[in-house]
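Chains as they are written, first to last, in the working numbering: chain Y, 1 to 112; chain F, 1 to 111.
Hints are not guaranteed to be accurate.
[Stated by the list, open to error] Going by beta-carbon spacing under 10 Å, a handful of chain Y positions derived as facing chain F:
1. HIS49
2. LEU51
3. LYS52
4. GLY103
Please keep in mind that the hints were generated in silico from the structure rather than gathered at the bench.
In this text, a Cβ means the ideal position worked out from N, Cα and C, and glycines have one as well.
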Amino acid sequence: DAKTTQPPSMDCAEGRAANLPCNHSTISGNEYVYWYRQIHSQGPQYIIHGLKNNETNEMASLIITEDRKSSTLILPHATLRDTAVYYCIVRNYGGATNKLIFGTGTLLAVQP
Amino acid sequence: DAGITQSPRHKVTETGTPVTLRCHQTENHRYMYWYRQDPGHGLRLIHYSYGVKDTDKGEVSDGYSVSRSKTEDFLLTLESATSSQTSVYFCAISEEREKQYFGPGTRLTVT
């Protein structure tokens, strides 16, 4: 599975969009980009995933560059409850083990 | 939220004692996983299961064993707990090729 690089921390004002970047320059053609988040002391929570097209669901949007070497997770209107560590994970969809490899993620702090 | 429970939620034990953590699901998902989380390391996979009685090692499996005798339960055993196994343990489940759902975690302290 490809390695990802994320900034260790970011701040965002409440009500504004939070844009979290992820670099995955060694991604291969059959690897998807997944985003999870972990609110303090809780288990990680799935947010969204995509291959090459932009994706949107009720939680967030995922923008993947055309060369697929980087992506951005967008929380359109951040709230205090969005304060969490956000993990960008690249893995083979349907790989033999279906396992996730977590890095250290980005701590997003939403400020009032 | 996916129906995943972990027990116990907190445990303090002494070095050298055996410890078993339980993960229980009500979703009938095929895959189950055990992760540990330590400061500066993110989550690391210990063991996983791809069916009843079918398990395999993850990246940090030394000192741990697992068993899955029925779909809904996945047990993690520390045969002889050490201080280095003090951690927060998360169980996760998934259907084949789908996203993972995580349990609330078990905080284990080995003194």
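Which earlier hints can't be squared with this structure? 2, 3
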